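Q: As you go down the protein sequences, you meet chains A and B in turn. Counting from 1, position 200 in the first sequence corresponds to residue 200 in this note's numbering; the numbering is continuous, with no gaps. One gets this note's numbering by counting positions in the second sequence from 1 and adding 1000 to each.
For the record, the hints were derived by calculation from the structure and aren't laboratory data. These numbers were taken from a predicted model, which means no experiment stands behind them. Think of the CB as a built atom: it goes at the ideal place given N, C-alpha and C, for glycine as much as any other residue. There is no bait here: all hints are sound.
One-sided excerpt, in silico: chain A residues whose CB lies under 10 Å from chain B:
(1) Leu177
(2) Thr180
(3) Gly190
(4) Gln203
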Amino acid sequence: MSRVADLLFANRVWKSVFRHGYPSNPRNRAEVMFQNVFLHIQSVKVFKRSLKVSATFGLGLILAYLFLLLTLTGFLLMFYYVPEVHRAYADMKDLEFAVSFGVVLRNMHRWAAHAMVLFTFLHMARVFFTGAYKAPREFNWVIGIILLIITLFLSLSGYLLPWDQLAYWAITIVSNLIRTTPPADIMGAGASYLVLGGTQIGQNTLIRFYVMHVFGLPAICGLLMVVHFWRIRKDGGLARPDESNIPLR
Amino acid sequence: MSDHTVEPEFSYDQFSRRDFFTLVGGVAMAGTFGAALVGSFRYMWPNVLYEPPKRYKIGPPAEYPVGVNFIADQRIFLVRGVYGLRDNEYRVVSAICTHMGCTPKWVQKDDRWECPCHGSQFNTLGVKVAGPAPRPLPWYEVTVGNDGRLVVDQNKVVTADYKLSI
Ligand code: HEM
Ligand code: FES
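All chains should be built: construct the whole structure from the sequences, respecting the hints.
A: Here it is in structure tokens:
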């Protein structure tokens, strides 16, 4: 048994990847976190209370997983969906009826998007009711607000892509809302011209929304999520009720 | 250069060679990124649009019966021979709700347009009588082209008493 283990672990290749020994002592357990780019997002030590389910209900993590799920399913959807006004709707139909597992992917993407909005509000509520928005975490709350807005923009831009009646009229209403930005003749008209890529909803609008949906907004969202997570650690871990007694680091 | 330079105390009065280059570098950076930003915005502003023209031909006058005709492709209503018009008189009104841009529906029995989205209603003059729409429906100039077909010009908004007589 130990011969097999030696063969597997006591060689140059394994040691070039994993620089630490088996996590059987505190030092190696810490090394596991330090030495791994994916795990080092967690602190080596956390407060016991922060590990309780009731501390966060895992709502922020659920959001991170939903974002991952949306990225993966969206990546696959892009292989069949073409953002062209004569094709887009037919491509959605093909995904539903002609592509193996297309309907599963499409619905996963759609439901995860709905869930993302829902869980964003739940997460915000948790942060609010635990007072975790207070100093020193105000800035992370602000980043959270931007994440909320980007989540909503992602939903909106995705809503146009099926190019059906719902999509068309939703964007009609939104573009007319934009058009009322005062002074409406300059700002409103200009902003809606930029968003639509013209004076009416057409091919320019579809490709604009598509590019924002599959690249622009997810890129900003991903970047801000990194900052959001980094800030949690820099702000001293998750908020705790007894925190006010502890001097700030 | 001596290898032991002592940084002078900071003072607003002294503007050193280093300050000068820092300033020049800063301005150059700001200019470069600023220009890239402005250029990117300008790039997103299309110069050529492949949209349907604002002035276009519809069918010959005789094609449209007396009453309110909805022309779906151009999203207009052609009104002929009713509400103060004779049978040879025409006018054209937009079918785009001035609230949020939905298509109001002509309701013959109530003599009015009703918008399905948020319930705006417009009377036979296009004036709002109910709902959130902020402005009346605009009327457009309609003329007869040299091939006898009607020509609508959405660049020319006219008053509700404008009419084309043939
Ligand atoms: C894309 C959306 C978001 C993701 C992926 C996300 C992710 C996370 C994660 C994983 C945590 C760790 C604690 C937990 O699981 O609850 C967290 C904490 C936090 N989030 Fe978010 N979040 C998002 C949106 C928001 C929003 C909309 C707000 C508020 C406006 C917000 C404010 C905060 C704050 C202040 C903390 C620190 C809480 C504490 O220290 O107890 N986040 N977030
Ligand atoms: S769009 Fe017509 S009432 Fe709102």
